[in-house]
Amino acid sequence: MAGRLIDLPAPRGPLTEALFEALAGPPGSGLMVPDPASPDPLGDEDLQLALYVAYELHYTAIRNVDERWEWSPALLAFREALERPFEAAVAELAPPAEAAELDSVGDALQRIVAEDPGPSLSRYMEVQASREQMLEQVVHRSAYQLKEADPHSWAIPRLTAGPKAALLEVQFDEYGGGNAERMHSTLFAETMAGLGLDPTYGHYVDRLPAPTLAAVNLVTYFGLHRRRRGALVGHLAAFEMTSSIPNRRYGNALRRLGFGPEVTHFYDEHVEADAVHESIAAWDLAGGLAAAEPEVAADILFGARALLQVEARWARHLMDAWEAGETSLLSPLVPVPA
Amino acid sequence: MPADQSPPAATITPYPDGPYLVRGDFVVQDQDGNELRTERRTIALCRCGKSRMRPLCDGTHKLIGFKAPSAQEPWPAD
Chain A
1 MAGRLIDLPA PRGPLTEALF EALAGPPGSG LMVPDPASPD PLGDEDLQLA
51 LYVAYELHYT AIRNVDERWE WSPALLAFRE ALERPFEAAV AELAPPAEAA
101 ELDSVGDALQ RIVAEDPGPS LSRYMEVQAS REQMLEQVVH RSAYQLKEAD
151 PHSWAIPRLT AGPKAALLEV QFDEYGGGNA ERMHSTLFAE TMAGLGLDPT
201 YGHYVDRLPA PTLAAVNLVT YFGLHRRRRG ALVGHLAAFE MTSSIPNRRY
251 GNALRRLGFG PEVTHFYDEH VEADAVHESI AAWDLAGGLA AAEPEVAADI
301 LFGARALLQV EARWARHLMD AWEAGETSLL SPLVPVPA
Chain B
1 MPADQSPPAA TITPYPDGPY LVRGDFVVQD QDGNELRTER RTIALCRCGK
51 SRMRPLCDGT HKLIGFKAPS AQEPWPAD
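Line order of the protein sequences matches chains A and B. Counted the way the numbering used here counts, the first sequence spans residues 1 to 338. Counted the way the numbering used here counts, the second sequence spans residues 1 to 78.
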């Protein structure tokens, strides 16, 4: 299988126009530091897509874009100008940890995920979502699931001893335990193919709205900054701790809609896998990191809260669109011929 | 603990308010000796009793508010 290669999506405003125009030229030239004044950075289509593509340089080749752009100082300065309002908007949603919570990060994580602020999208999917809504949900998730586990792997060189071993225990399983066919991103691609969707990495970027891109940008942002290793670990812990039960429901939704095991395998696998991962991530990884590096303990809890808030906003976007009888994507999926 | 301090072939760890994690060289089998196929190196066994895929954990402990420490519980006082 070939490596990742995506096309530049269509621009959505002045930030993406400037970025994509520069990326078509020689690395480092033609890109000014922007001043992205946005009243709502998390919902800003232009800002989120610009940040997403700036980050994608670290994950994938982009057609007709010189790979040296990845570490071009001009690109990094451009990116930082977008990260600042993004970071501030996330901090506004996720309150900082309280001192008492830091006594046991594992206990605090359990309380945080028990108070998940989002609507139960998985419950809605399980009992009443239409086939079209299910396909849309999968297309949204493809932005992350086709590179599942990759951003959290950036924590590996930044952790030591017990927390590093705990992270690797989770990641080894995410990557299929040494078997490429069992890799979770591969299982997700099979689900997409089974639903008649295109599993090519990046295929649907033009359809993904800001709340979806923001959820992926959040983990990439944590992943690329060593100083946010606590938040990256908290993000992974909360992700794993809120996974088993929703994935069972998504699997049930697909079964209700008449799909077979080749489509539900990804979800069924996650029920079992994440029941293992959540304990390791909460206690050995997050708890272990808080014990080893108490100075990042508060950021662990911040990362967990940030994930839940950004995911809640994404889930509300889907539910609101569907309630209004509209597509939750920027443009509807072309119906698959029967 | 064996006197020679050699590492055990498998370990079973109860996680706080969660499942038993089993690591190492083990098989899970029913009373008739039929092996339950496990595909991952570390598995989680249900400890709350409410999983819908017992003996494996499916995360249900979080829904029912299952509470148990990792260490052994003391005898309750009368």
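It is worth saying that the hints were derived from the structure and are not from the lab. The beta carbon of each residue, even a glycine, is placed where N, CA and C say it ideally should be. Fair warning: there could be bad hints in the mix.
Listed below are the simulated SDA-like cross-link pairs for lysine to any residue, each with C-alpha atoms no more than 25 Å apart in a straight line [claimed, not checked]: (1) A:Lys-164 <-> B:Thr-11; (2) B:Lys-50 <-> A:Ile-245; (3) B:Lys-62 <-> A:Tyr-124; (4) A:Lys-164 <-> B:Lys-50; (5) B:Lys-62 <-> A:Gln-110; (6) B:Lys-62 <-> A:Glu-181; (7) B:Lys-62 <-> A:Ser-29.
One-sided excerpt, in silico: chain B residues whose CB lies under 7 Å from chain A [unchecked claim]: (8) Pro-14; (9) Tyr-15; (10) Tyr-20; (11) Thr-42; (12) Leu-56; (13) Gly-59; (14) Asp-78.
Okay, the hints, checked on the actual structure:
Between the alpha carbons of Lys-164 of chain A and Thr-11 of chain B the distance comes to roughly 19 Å, so the proposed pair stays at or under 25 Å and holds. Taking the CA atoms of Lys-50 of chain B and Ile-245 of chain A, the gap is about 13 Å. The hint holds against a cut of 25 Å. For the hint linking Lys-62 of chain B to Tyr-124 of chain A, the alpha-carbon distance of about 20 Å falls within 25 Å, and the restraint holds. With a CA separation close to 32 Å, the supplied pair Lys-164 of chain A and Lys-50 of chain B exceeds the 25 Å bound.
Note on Lys-62 of chain B and Gln-110 of chain A: the hinted pairing holds, with a Cα-Cα distance of about 9 Å set against a maximum of 25 Å. The hinted pair formed by Lys-62 of chain B and Glu-181 of chain A fails the criterion: a straight-line CA distance of about 30 Å is larger than 25 Å. For the suggested pair Lys-62 of chain B and Ser-29 of chain A, the alpha carbons sit about 52 Å apart, so the restraint of at most 25 Å is broken. Proximity of Pro-14 of chain B to chain A is violated relative to the hint, the smallest CB-CB distance being about 10 Å (cut-off 7 Å).
Interface hint at Tyr-15 of chain B: satisfied, since its Cβ lies 4 Å from the closest Cβ of chain A, which is below the 7 Å cut-off. Residue-level restraint check for Tyr-20 of chain B is violated (minimum Cβ-Cβ distance to chain A is 9 Å; threshold 7 Å). The beta carbon of Thr-42 of chain B comes within 5 Å of a beta carbon in chain A, closer than 7 Å, and the hint placing it at the interface holds. Interface restraint check: Leu-56 of chain B against chain A, minimum CB-CB distance 6 Å, threshold 7 Å, status holds.
This hint holds: Gly-59 of chain B has a C-beta 3 Å from the nearest C-beta of chain A, less than the 7 Å allowed. For Asp-78 of chain B, the suggested interface contact is broken, since its CB lies about 29 Å from the closest CB of chain A, more than 7 Å.
Going down the numbered hints, you'll see the structure goes against 4, 6, 7, 8, 10 and 14, while the others check out.
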